[in-house]
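Those protein sequence lines, which keep their order, are chains D and E.
Residue 1 is where the first sequence starts when you use full-length UniProt numbering, and the numbers rise one by one after that.
Residue 1 is where the second sequence starts when you use full-length UniProt numbering, and the numbers rise one by one after that.
Don't read these hints as lab results, they were simulated from the structure.
Just to be clear, a hint being listed does not mean it is correct.
Straight-line C-alpha distance at most 20 Å; calculated EDC-like pairs for lysine to aspartate or glutamate [claimed, not checked]:
| no. | chain 1 | residue 1 | chain 2 | residue 2 |
| --- | --- | --- | --- | --- |
| 1 | D | 133 | E | 128 |
| 2 | E | 105 | D | 483 |
| 3 | E | 248 | D | 74 |
| 4 | D | 76 | E | 223 |
| 5 | D | 126 | E | 122 |
As the structure is a prediction and not an experimental result, all values here were calculated from the model.
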Amino acid sequence: MAPPAAIEVLAETDTSTFTIPDRLTLQSVAKRRAASGKVNAGVAAAADVEAFKGATQHLHKPKAKRWDHRLTTEAKARKASSLKNAARLLKTPGLISLGGGLPSSEYFPFDEVSIKVPQNGQFSEKATHEHGKVVTAGKHDLAEDKSLFDVATAFQYGQGTGSAQLLRWMIEHTELVHDPPYQDWSSTMTVGSTSATDMAFRMFCKPGDWIMTEQFTFPSMVETVRPMGVQVAGIPMDEYGMRADALDELLSNWNEAERRGPKPFVLYIVPTGQNPTGATQPEQRRRDIYAIAQKHDLYILEDEPYYFLQMQPYTGPNSPDAPPPASHEDFLKSLVPSYLSMDVDGRVMRFDSFSKVIAPGSRLGWITASEQICDRYRTHADFSTQGASGMSQLILFKLLEDHWGHEGYLDWLIHIRMEYTARRNTILGACERYLPKDIVSWVPPMAGMFHWLQIDYTKHPAYVAREKTMDEIEEEIFLKNVERGTLLMKGSWFCGEEGVERDVMFFRATYAAAPFEKIDEAIRRFAGSVREVFGLEQLSNGSH
Amino acid sequence: MAPHAEIEVAGFTDTSSVVKVEVNDSAQTKISGMTPARPVFTIDDVLPHRQKSKPPPTIVAAFSDANMFKSKGCLEGKPKAKSFAHRLTAESKSRKPSSLKGAMKYFKQGTISLCGGLPSSEYFPFEELSAKIPTAPEFTEAQTATSGKSYSSGKHDATRDGKALLDLSIALNYGQSMGPGALIRFLTEHTEIVHSPPYSDWDICMTSGSTSALDVALRMFTERGQYVLTEEYTFSSAIETVVPLWAKMLGVKMDADGMLPDDLDNILSNWDEKARRAPKPFLVYTVPTGQNPTASTQSLQRRKQIYAVAEKHDLFILEDEPYYFLQMDPFVSGHTHAVSSPFEPVSVADFLSNLVPSYLSIDTSGRVLRLDSFSKIIAPGSRAGWVTGAPQVIERFMRHNEVSAQTPSGFSLIALYNLLEENWGHKGFLEWLMFIRAEYTRRRDIIVNACEEHLPSEVCSWVPPKAGMFHWIHVDLTRHPVYKAKGGKQIDVASLLEIEDSVFTSCAEQGVLIAKGSWFRAQKATDTELFFRTTFAAAPADKMREAIEKVGVAIRKEFEIDIEDEIVVKGSTNGHAK
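Start from the sequences and build out the full structure, keeping to the hints where you can.
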């Protein structure tokens, strides 16, 4: 679906017309902010999401479907906190509250908090060390009109949505990148996507249910749902991630008696740089899966920690690198469109996280979904995680809003993209150099932190002689790695569905953290293990 | 650019790195000529103990636990905790450690790990984090602005430069769910100094605040259809957390000293599964100190009695103690305690001896999970706290945290580390708590004196709070015109709630927000008496007095009390009778 043209005009009533507004751009953010007026930024202030979205920006879009038939009774039973309901009265000017148990900020032992962070465009650790900028938040900056956020407000109790100040930034960012195609989308803050997925599963799954996900998946997700009495069905994948035809087939032929569970409707996917396979679904694959979701009325959990770790095209070992994106627009266009951006029904909950692009320790992210779902999420958060750490919120606000702005953040993401590209190229170069290609094969990852290496175990002499199984060969390679001083994850650790026959063998390597020369050395050792296990000759001096 | 070799992350799983279990040498090795273990661990023992012990690990996502930091006296000569496996839910029992951790045991010197998905700290856009914080005992906001000192954490202070025990490269990466070693050590020492649990193998896990910890604990101990025992008036969020789990709250009667052990025993001894349609309950949720909303504080005697009931019926106790350190000096009518300026802390020993001992400190069986929080004593926005309990329970708690909240925010961890470890130490922290206590005493005096002055004594009564942030006001319904009109018949719940709402609304119309007692009722719509909760935690003194005066107006209006008639009785019966 093409984005609506700027001049498209619709009939609103019989006698008036309505002009579809232009999509939000970096340039038009300031204008919208001016139009929506001052942010209600005080202690535990409720965020006015509609104002942040622009009052008339999305009115031409359809409303999201309702999900009452998909929510658990637990999720539906949650009531708004009676105390927080009363806090709405706090907006009354001059009100004296003896109601809520909020301590006075007088007793927060912090006068100011400062961070030294990179200047726009000078993002390396060295440049930051030498001439990073110190950004400071004072205790009462808000009252003193110096900033929209301060220590006294951020370190206080807040709403389950997170602070209005930072939420506005998230909503604008979401609109700049995804522009969801329905009217009543909303966002709310999380304490990171691990917690957010736990809460989402509690909202949609009851004991005895199944969820669907990629055939190889992040074990923590499985470990989150199993104790809830929920089973995981793995959908076969190819190099582009989950296969749409396989998903349709599973659903169309679901046998409740055999599976001992109702036909599933929760689809958990990591569409970009999937963990562990590194697979990235291209746009068409996403559209195909979304169509299946519509056909079977699925609800999609789109977990996207690696979305902005989409890298430059891989040009091969001896070719020049692709030039970096020339502009913010080019950068945004280079990204594979998200499920959220094609979600006309409001059937997607997207999880964004700062863990992979700012720092895991921020323990802060956000979800985007229809207002009905966000409302249930917020109500749950009020009684569990509450808001994200105020210290994290304040520091990210100072960095993203007061210092970088949307443009600076996109520049940072481009920097991260180039860095991960260099890391990915390092591991691919080492694989090209050292690995026996008739046994080990791979698809160059387009996104994320993981490189997924397939081993053709059928070429193993002991397999041919029927003396060893696939699992035994996997273990043999793993232990040989240990002996040679390198560690890669076994692919079998990532099988989501219990008791399913496998006929493929993989190892997962990450290029996210080790120094470049160590990545090279680790792959050299891995190649040595494979050659030894398969009875091949070792390379003489580490190259062909 | 390749990152520095020194900061290489040896990641194993996608959220953790090398796990090394180290038990403190000094705690196990006999040192010749040493005097027998001291029965009490004090702040003076901290430094010598640290000098003999291994420091906390300073690598990314390193494992630590309380045993690594306990003193000899804490480990020896005490029983181990009992098993409470029979109390855990099926959900909790089925949690497995991350399967990816299987790779960990294979790590050895010189191994290059391409295993874990921990990002490189090279890509954390923070070179340094500083906070300006008060120097003990110059704790006021004005003093902090002038004499406060800035404490900074750099990215590699610990991992590369050896200058600190925690740095941004550790705190801002993924971490083990119990929290970083430097803080686990501080909290272990704090627990010994303040509580000295009477069993040896207690452990600690940091939490993302007690609201989150309570949600986790309830999921660990509450199956569908079960009852949770609590005070008849309780923290409304606790009720709202329990209900969606398909569990129910059962209110135990209380007086000014909190939950009544007789009623607790009575409920349990006469439990009829059929009539109740639920198994006999075993989980007690209690706020022993400055309880929310009633401000009741259980005496040591009361705690011992309740603990004895717990032993008798094999209960498990969730001891939620956000207000523990907000224990105040006794109220004296007409007097407002001043906070000395400059602030003069008393000795640590005096301060500690004035605190009512915790359940943790009398817990010989390991049947208590204590929830501590930084929210009320440092800042709610820290979203950080810790739980202390038996190792089996803490282990299950950590398994749960790994797949939900994970750890507190790394920014919070760094701020707390600088505040507690680098700046204050145990003495400074305890002196800060003395300061907070003095401030809350002053605030409590203001609101209670205002109530004596402005509320109609013939209908309003209260017990001056001994701890916490709340003042709980009883309003005598038998003085209400409806009661009189009904000829002295008990007022039904609907009328009670109407009267309550009328007072609430009348306050709000005058610009005053108070909390309704019915919001805190453990079992909804079982109210028989009328209460309002007010807090003295935040409003300035003159505003508090003004607000209470308006509450007085609202109650007089509702109860049709003429101020002229009242002056006659003023002062004579202004009572604390409840």
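Status of each hint after checking the structure:
no.	hint	verdict
1	D:133 x E:128	10 Å, holds
2	E:105 x D:483	13 Å, holds
3	E:248 x D:74	13 Å, holds
4	D:76 x E:223	19 Å, holds
5	D:126 x E:122	9 Å, holds
Figure legend: structure checked against the earlier numbered hints; every hint is met.
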